[in-house]
Every structure is written in structure tokens, then in C-alpha cells.
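Enquirer: What follows is each chain in one-letter form.
Protein chains: 4
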Amino acid sequence: MTTSSRRINYQVDVQFGDCDPAGIVFFPNFLRWMDAASLNFFVSCGLKPWNELVKSRGIVGTPLLEIHTRFITSATFGQTLQIETSIVEWREKTFVQKHVVTRGSDLICEGSETRIFVVRDADKVGGLRGIAVPEDIKILCTGPGG
Amino acid sequence: MTTSSRRINYQVDVQFGDCDPAGIVFFPNFLRWMDAASLNFFVSCGLKPWNELVKSRGIVGTPLLEIHTRFITSATFGQTLQIETSIVEWREKTFVQKHVVTRGSDLICEGSETRIFVVRDADKVGGLRGIAVPEDIKILCTGPGG
Amino acid sequence: MTTSSRRINYQVDVQFGDCDPAGIVFFPNFLRWMDAASLNFFVSCGLKPWNELVKSRGIVGTPLLEIHTRFITSATFGQTLQIETSIVEWREKTFVQKHVVTRGSDLICEGSETRIFVVRDADKVGGLRGIAVPEDIKILCTGPGG
Amino acid sequence: MTTSSRRINYQVDVQFGDCDPAGIVFFPNFLRWMDAASLNFFVSCGLKPWNELVKSRGIVGTPLLEIHTRFITSATFGQTLQIETSIVEWREKTFVQKHVVTRGSDLICEGSETRIFVVRDADKVGGLRGIAVPEDIKILCTGPGG
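Protein chains in written order, with the working numbering: chain A, 2 to 147; chain B, 2 to 147; chain C, 2 to 147; chain D, 2 to 147.
Keep in mind the hints are simulated off the structure, nothing from the lab.
Since we're looking at a predicted model, the values are computed, not measured.
Accuracy of the hints is not assured; some may be wrong.
The list makes no distinction among identical chains, and a pair is therefore deemed to hold if it is satisfied within one copy or across any two copies.
Claimed, not checked - Below, in silico cross-link-like pairs of lysine to any residue (SDA-like), each with a Cα-Cα straight-line distance of 25 Å or less:
| no. | residue 1 | residue 2 |
| --- | --- | --- |
| 1 | Lys139 | Thr115 |
| 2 | Lys99 | Ser113 |
| 3 | Lys125 | Gly24 |
| 4 | Lys56 | Arg121 |
| 5 | Lys56 | Lys125 |
| 6 | Lys139 | Ile117 |
| 7 | Lys49 | Gly128 |
| 8 | Lys49 | Gly79 |
| 9 | Lys94 | Ile73 |
| 10 | Lys94 | Arg58 |
Turn these sequences into a full structure, and let the hints guide you.
Expert: As C-alpha cells, this is what we get:
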């Protein structure tokens with residue numbers, strides 16, 4: 002059974018300092034904004050930010066395992082971008098979050114991120130341990146009619 | 002006939018400010034370093050940096066069309082990373098550059114970038130036009146025995 | 002005669018990736034936001050952004066000559082900051098722009114920037130030449146009753 | 002009695018992505034490099050990095066209280082900069098660290114930072130408490146003949 006994820010929008014006003022000598026957004030900034038959109042998605046769905054969630058549930062964040070990004074058109078400063086974020090797949094332990102970056106009707110780029118919820122675990126290398134996606138979080142992120 | 006690309010190393014000393022509240026490298030910085038490693042590859046192969054090449058040949062740079070990155074292990078400040086960069090595929094107009102980021106014998110992450118050489122073209126949207134990879138550049142980037 | 006500058010507000014939502022391993026904003030990001038607030042001030046006063054102004058008036062931007070910043074309290078992600086920007090002094094060729102960064106009633110930091118309007122000048126080192134602050138810009142930036 | 006500080010050099014290779022649409026280094030990057038040079042100074046003097054020092058001595062770092070930076074000449078990618086860092090004043094609780102950024106014989110910019118050593122203190126706002134500069138650290142940072 003497929004459940005549909007909520008779709009959350011995050012707005013970015015591109016700044017002068019986000020752009021490179023070619024006059025366009027230096028691409029790692031798109032990844033930075035996708036990371037912000039990723040957390041914004043969960044907070045918009047009702048989760049607390051990581052600095053609070055770590056206290057109540059031990060969840061430190063959702064580190065990135067993989068990212069695949071396609072760049073279609075460039076953007077520059079003075080422009081406003083919209084990032085639409087959704088979860089396109091829940092796997093056993095990981096999930097795939099998708100970010101579609103647009104400027105009006107122009108598609109700028111899109112990224113597909115594989116992430117995992119982690120908790121602190123002193124016994125693990127790096128001190129973090131992946132957990133299965135908590136069911137209540139999955140429900141929070143599921144849209145009406147899902 | 003396959004030609005093998007040169008393999009160029011680029012070193013990164015991870016700084017405190019490159020890391021996030023989880024204490025590990027904030028991932029867009031890996032993409033920033035791969036971009037630096039990409040240009041470093043061409044300069045190490047004998048090309049001039051973009052700000053000089055634009056004058057002699059009109060080449061503005063090699064914008065990114067697509068990037069696919071896998072993150073295996075985290076890294077933190079005080080550590081030294083090596084990025085080994087090579088070109089794994091020459092296509093008609095684009096090419097695929099690979100970056101393998103290691104810390105000693107640990108694989109940290111690896112990225113595969115599809116890029117294209119562009120020149121200024123006032124008639125094009127964005128003012129840039131992709132060109133076929135220049136043959137002399139292809140030769141410069143080809144390793145001995147290639 | 003003293004003229005009073007307009008006061009323009011710029012909002013920043015602090016992101017996870019803006020913070021360092023101590024869990025607080027990595028300070029160069031405050032400078033990045035002050036730079037964004039600086040351009041936002043001029044655009045809010047009625048100027049075009051630099052990429053348009055360079056075409057109509059040759060003005061490339063307002064490079065920084067000096068910055069003095071005091072950090073009073075730290076900030077972290079999930080918080081919203083306000084930056085109030087004004088011009089506290091017009092000198093013959095330069096001007097001093099002040100940014101006061103607050104979170105509610107908390108003063109986070111404040112910065113005082115000396116900047117100069119520049120135009121392209123191929124004869125100059127760096128290709129840029131400072132100009133006296135244009136009178137019409139000074140008027141645009143002056144508040145009611147100034 | 003004045004003691005002279007050691008002078009430690011830190012090298013920066015300016016990257017394409019460090020530069021803005023004007024083609025020159027986006028200034029907050031200079032502050033980022035000064036922060037790296039600040040920690041590099043202490044590590045070069047024999048201190049452990051903060052992530053190790055916090056375990057042995059509780060010292061979390063040296064947050065910035067104030068920074069004053071003057072920009073003399075611009076820099077661009079493909080250039081190598083040297084940052085010479087020293088401590089110009091030890092006060093009771095704080096100290097002033099100076100960074101001089103040069104490119105060959107050109108002075109690019111210089112920054113003067115007021116910093117303070119802090120330890121974790123759960124009772125304090127922000128969880129950090131400033132301490133007097135430890136005498137052994139002061140000695141480590143003092144040059145021969147100091």
C-alpha cells in the first residue's frame with residue numbers, strides 16, 4: 002500500500018554571496034538549501050527540531066547517505082526560489098526525500114536524498130546508530146488521503 | 002578504445018567551521034571540496050584556471066549538470082582528507098568526473114559529476130553555450146598509457 | 002546638518018548547517034547575513050540590485066573597506082533573527098552602515114561596516130574605482146524627517 | 002612585562018567557489034579562514050584541537066567576542082594567501098589575536114579578534130563559561146625570547 006507524503010514548501014531568497022564568479026548560484030548552496038528544506042519538512046509536519054528531539058527521543062538528526070541532484074537551469078541573486086519537499090519512499094530503515102527547486106514556472110534543479118534517523122550510541126563508530134523510521138513520524142509526514 | 006584518465010590528488014584539512022552541531026562535516030562542504038578538486042584536476046593537467054582560460058579560449062568553466070554522491074563514513078575537524086579525481090567517461094559533449102574522498106584507508110564519500118565545458122554566448126539563455134570537449138583538453142587529461 | 006537614515010529590517014531563520022560543533026552559529030555566517038542585509042537595505046530604499054545597476058549606472062556594488070563586529074550572545078538553529086540596518090554616517094566617498102542583530106529582545110551581535118560605491122574602471126588595479134556617494138542614492142536612503 | 006607571541010603561518014589556496022559575482026573573495030570567507038588560522042595557531046603551539054581538549058581539560062574553544070577587520074586589496078581564485086597569526090595582547094580573561102593576510106608582498110586584509118577560553122557550565126546561559134587564560138597555554142604561545 003502506498004502512502005502519499007505531505008508536500009512542504011520552503012522559500013529561498015538568493016543572495017549576492019551565494020553566487021560565484023560566473024554570476025550564478027555556486028551549486029553546493031543548493032545542497033545547503035535542500036538540507037534546510039529537509040529539516041523544515043519535518044518541523045512543518047509537527048516534529049521538533051533536532052536540538053529538542055535529541056532530549057525527548059534521543060534522535061540526533063537524519064544524516065545523508067546518498068544524494069542525487071540534477072541541475073537544469075541556473076539562478077542568480079535577487080531571485081526567489083521555491084523548494085517543494087516530499088518523501089517519495091519509506092524503506093525499512095531509510096527514506097528518500099525529494100526536493101524540487103523552482104523559480105516561478107522554471108525548474109532549477111531537483112535532488113533526491115536517502116537519509117536515515119539516527120540516535121546516539123557510544124558503542125558505535127562515530128557514536129551514532131541508525132534506527133527504523135518511527136511509525137509516528139511516518140504518520141505525521143503522511144498527507145491527507147495517504 | 003578506452004583511454005585512461007590521469008588521477009590527481011587534492012588535500013583538504015577539515016576545519017572546525019566545516020562541521021555542524023553533530024560534530025561532523027556539514028555535507029555541502031564535501032561538494033564544495035569536490036568542486037575545488039575538479040578545477041584542481043584540470044589545472045594539474047596543464048589547463049589555466051577559468052579566469053585566464055576565458056581570455057584565451059572563451060571557456061568560462063565546466064558547470065555541473067548532475068551529481069551523485071554517496072556518504073560512507075563521517076569526518077570531523079583536525080582530520081586530513083585526500084580527494085582522488087579522475088575522468089571516468091568522455092561523452093560527446095559532456096564528461097563524468099569522479100571524486101573519491103578518503104582519510105587514510107577509510108572511504109569517506111565518493112561523488113560522480115557530469116559536467117560540460119561552456120563558452121559565453123549572448124544569444125543563449127543564461128549567456129552560456131555548451132561545447133564539445135576540446136580534443137587537446139581531452140589529451141591533456143589522459144594519463145600515460147591511455 | 003545631520004540626516005537620519007531609514008531603518009530596514011531583514012529576517013534570518015538560522016539553519017542547522019549555519020551552526021558549528023559547539024551548536025551555535027559559526028560567526029562568519031553573521032557577516033554573510035550582514036552582507037545580505039546591506040544589499041537588502043539599498044533595494045528596500047528603491048535601488049536596483051547590483052546586477053541591474055551595473056547596466057544602468059555602472060555601479061558594481063559597495064565593497065567592504067572595514068568591518069567591526071561585537072558578539073554579545075550566541076544563537077542557534079530553529080531561531081529567527083532580525084537585522085536592523087541603517088546608515089549612520091555619510092563621508093565624502095565612503096559610508097558607514099550599521100547592522101543590529103536581535104532575537105526578540107536579545108541583542109545577538111552588531112556590526113559596523115565601512116563601504117564604498119564602485120564602478121568598473123579598466124585602468125585601475127582590480128578593475129574597480131571608488132566614487133563619491135551619488136546624491137540621489139543618499140536621498141533614497143534618508144528617512145522621513147531626515 | 003611584555004611577552005612576545007609566536008607567529009604562525011597558515012596557507013589558503015583561494016577557490017572559485019570562495020569568490021562572488023564581482024570575481025573576488027566574498028569577504029566572510031576571510032573571516033572563516035581567520036577562524037581556521039586561529040585554531041591552527043594554538044595547535045601549532047602544541048595544544049590539542051577542541052574536540053580533544055574538551056575531554057582532557059573541559060575547554061570547548063575560544064569563542065569570538067569582537068572582530069575588527071580592514072580590507073586593503075582584493076584577492077581571487079588561483080591565488081595563494083598567507084595568514085600570519087599572533088597574539089598581540091593577553092588580558093585578564095580575554096586575549097587579542099591578530100591575523101595578517103598577504104599575497105606575496107601585497108597586504109590583502111588584517112583582522113584583530115578578541116577571544117575568550119570557555120568551558121562547559123550547565124548553570125550558565127548558553128552552557129558556556131569564560132575562564133582566565135590558563136598560564137600553561139600562555140607559555141606555549143609565547144615565542145623564544147618572550
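Enquirer: Now, for every hint given, state plainly whether the structure supports it.
Expert: Status of the hints after comparison with the structure:
no.: 1; hint: Lys139 with Thr115; result: within (15 Å within a copy, 34 Å between copies)
no.: 2; hint: Lys99 with Ser113; result: both (5 Å within a copy, 19 Å between copies)
no.: 3; hint: Lys125 with Gly24; result: between (44 Å within a copy, 15 Å between copies)
no.: 4; hint: Lys56 with Arg121; result: both (11 Å within a copy, 18 Å between copies)
no.: 5; hint: Lys56 with Lys125; result: both (19 Å within a copy, 18 Å between copies)
no.: 6; hint: Lys139 with Ile117; result: within (13 Å within a copy, 40 Å between copies)
no.: 7; hint: Lys49 with Gly128; result: both (22 Å within a copy, 21 Å between copies)
no.: 8; hint: Lys49 with Gly79; result: between (31 Å within a copy, 9 Å between copies)
no.: 9; hint: Lys94 with Ile73; result: between (31 Å within a copy, 16 Å between copies)
no.: 10; hint: Lys94 with Arg58; result: within (17 Å within a copy, 38 Å between copies)
Checked against the numbered hints given earlier, this structure breaks none of them.
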